[in-house]
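Enquirer: Start from chain A and add chain B according to the hints.
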Amino acid sequence: MTAPTRWVDLKRFTSARVALGRVGNAVPTAAHLAFQADHAAARDAVHAALDIVALQAELASPAIVVRSAARDRPEYLLRPDLGRRLHPDIRLDPQPGCIALVIADGLSATAAQRHAAALVAAIGHSGPIFIATQARVALGDDIGEALQAEAVLMLTGERPGLTSPDSLGAYLTWQPRRGRTDAERNCVSNIRPAGLPIPDAALKLRWLIAEMRRLRLSGVELKDEQPTQEISISVDIT
Amino acid sequence: MPYCHTLGGTRYHFDDLRTLLARATPLRSGDVLAGIAARSATERVAAQMTLADLPLSVFLNEAVVPYESDDVTRLIIDSHEAAAFAAISHLTVGGFRDHLLTGCDMAALRPGLTPEMVAAVSKIMRLQDLIAVAQRCHITTAFRSTIGLPGRLSVRLQPNHPTDDLLGIAASTLDGLLLGAGDAVIGINPATDSPQITHRLLDMLGGLIERYEIPTQSCVLAHVTTTLRCIEAGAPVDLVFQSIGGTEGTNRSFGVTLALLAEARDAALSLNRGTVGRNVMYFETGQGSALSANAHHGVDQQTIEARAYAVARAFDPLLVNSVVGFIGPEYLADGKQITRAGLEDHFCAKLLGLPMGVDVCHTNHAEADQDDMDGLLTLLGAAGITYVMGVPGADDVMLSYQSTSFHDALYLRQTLGLRPAPEFEAWLARMGLTDRTPELLPPSFAGALTV
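Heads up: the protein sequence lines correspond to chains A and B, in order. No gaps in the numbering here: position 96 of the first sequence is 235 in the working numbering, and each next residue is one more. No gaps in the numbering here: position 311 of the second sequence is 563 in the working numbering, and each next residue is one more.
Only chain A is shown next, with the shape it has when bound in the complex (with noise of 0.2 Å):
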């Protein structure tokens, strides 16, 4: 690549606003406008619904529909703690041992519509999978509970920004009980194609994973040093 000459050239290395002009100290009015409808789609996005019988069509292997206690999307917005519980109604059967995997919609259905399925199927999950909607991060925590699992996987779609409205988060909790901090997560962010792809997020979480199974913990003392010179390790998820 040729170095920069001109302050445009700056948008060749980011997906970042660089280089928008200036009218004054203002931005020039067709940056400014592409803001705004970029805003509006992040907004239309928040608000999105998951398709569940499409999403379990893309997965290899069944999953288990489950839902927070959150009513609706008014509800999961203003009440977290509602979309950490599972719904009362739901009961699960033990698992001991196992490490569950959960797709939640999170506060982007769209991430999790676009990228879960492909996600699951390149990590080679292999043990018990869960949909859940009106889903908290910390759901996973509740959901582990119940099954009594060595450890939860939650792959959930992101806050949407403007140019990433379908961004999907993987939470890896050890151990999870409800009351779990996220200090003892790891969490690998902005999964995406033009975030982290698809392939580069599950071999991070393959490694994270035999790293977590090997120190038996997840958090801020598992730090992420997978070597840079990537190798592939061969983990056997069940």
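For the record, the hints were derived by calculation from the structure and aren't laboratory data. Just to be clear, a hint being listed does not mean it is correct.
[As the list claims (entries may be wrong)] Here are the computed lysine to aspartate or glutamate pairs in the EDC-like style, where the Cα-Cα straight-line distance is at most 16 Å:
(1) A:LYS343 with B:ASP621
(2) B:LYS588 with B:ASP568
(3) A:LYS362 with B:ASP445
(4) A:LYS362 with A:GLU350
(5) B:LYS588 with B:ASP624
(6) B:LYS588 with B:ASP626
(7) A:LYS150 with B:ASP626
(8) A:LYS343 with A:ASP363
(9) A:LYS362 with A:ASP321
(10) B:LYS588 with B:ASP621
(11) A:LYS150 with B:ASP417
[To be verified] Okay, the calculated bits of chain A under chain B, using three or more residues with CB under 8 Å as the criterion:
(12) 165–172
(13) 177–189
(14) 295–306
(15) 319–325
[Stated by the list, open to error] Quick list of the computed label-pair ranges, beta carbon to beta carbon:
(16) B:SER341 with A:ALA180: 52 to 58 Å
(17) B:GLY355 with A:ARG145: 36 to 42 Å
(18) B:ASP623 with A:ARG317: 38 to 44 Å
(19) B:LEU259 with A:ALA169: 50 to 56 Å
These numbers come from a predicted model, not from an experiment. In this text, a Cβ means the ideal position worked out from N, Cα and C, and glycines have one as well.
Expert: Chain B in isolation, oriented as in the chain A frame:
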């Protein structure tokens, strides 16, 4: 101890100080979520009237979070200076408001103030009161630039990239420099908490600052333990970053203790990299983090937020900012709530002596837009805010939220007649970037993006 007040023929009863503070707090979704908000508009005003009549000395005798079980309470009580408090010890919370608005020596008062006193008085202040008092507090800190001088507005250049791509981050950094941003810090939120990547980002920013002799400091906003590892590995660490909260439990949820913060500060000081000052810490806070961590002890989110400033001031930081609209609508539902919270946070932090900035921001699931951001930004400018964020086009492509742009900061400087930090202002002049952005890059910049 219970408190009572009669208003309009109804007697209102508040079980204890924390309940009174919560009921007196202007409406916000986080306190409703916690189940501690006033149950009617009238109850809220009754609580505010009760609070106004409360002697300030009560806050020294009744802790909202128990002293025995919380190290932030112990820090607040043990570092309180009775001599500084003597000047206002006879005042009620209402009298304190009047005292502040009349004009007083706020620097002398500072060691005598607790976060709870400051939070309490803010609850009976209007936005214009929060602005009028805060703009008289001048807090100056320094590392390679001097931040917080009167008539100055600094900008954190925030060049985040979704995959921590070095060229992408460098491009956003140059964009910010071309638009006069970066005098507070060039601070990257890394996409993952990897020590290797953090080290690489620190090397890149350190190299850029050295090569162009930019009078500013770098920071990679990784977890404090990651930064400590980088220091041990010889990385060029200017500032240690950490998110902090106002209770021991909140800090535990962030994976930190006061001792760990002290260790990190000592490690950064030992590198001795500042040229005009030795403030080496950078903290972020935000209303709602304690509730999010289930560590709020039934205390309202604004009072807990003010307690986080007691943690911050114990470590002599270069920069502190609230991420006011970032945490989400479950804590601050809309533009109105975000605006009030931003001004409260700035006021409380300044009164307690901190170099306070605000990340004027919102997420896409909150009821807020750019008009709300323009309003809060302008109000904070009037309040004398120390620094704001600069994100390319106001769109953070890694953290997925909207903050303020480099252009927004230029707007604020021009509208209110504010200038960058003096060292950085001189650098902009040397680079030919004062009040203009050339269509052609300064020749020396082009090299920064050569692979």
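Enquirer: Quick check: which numbered hints come out false for this structure?
Expert: 1, 2, 7, 17
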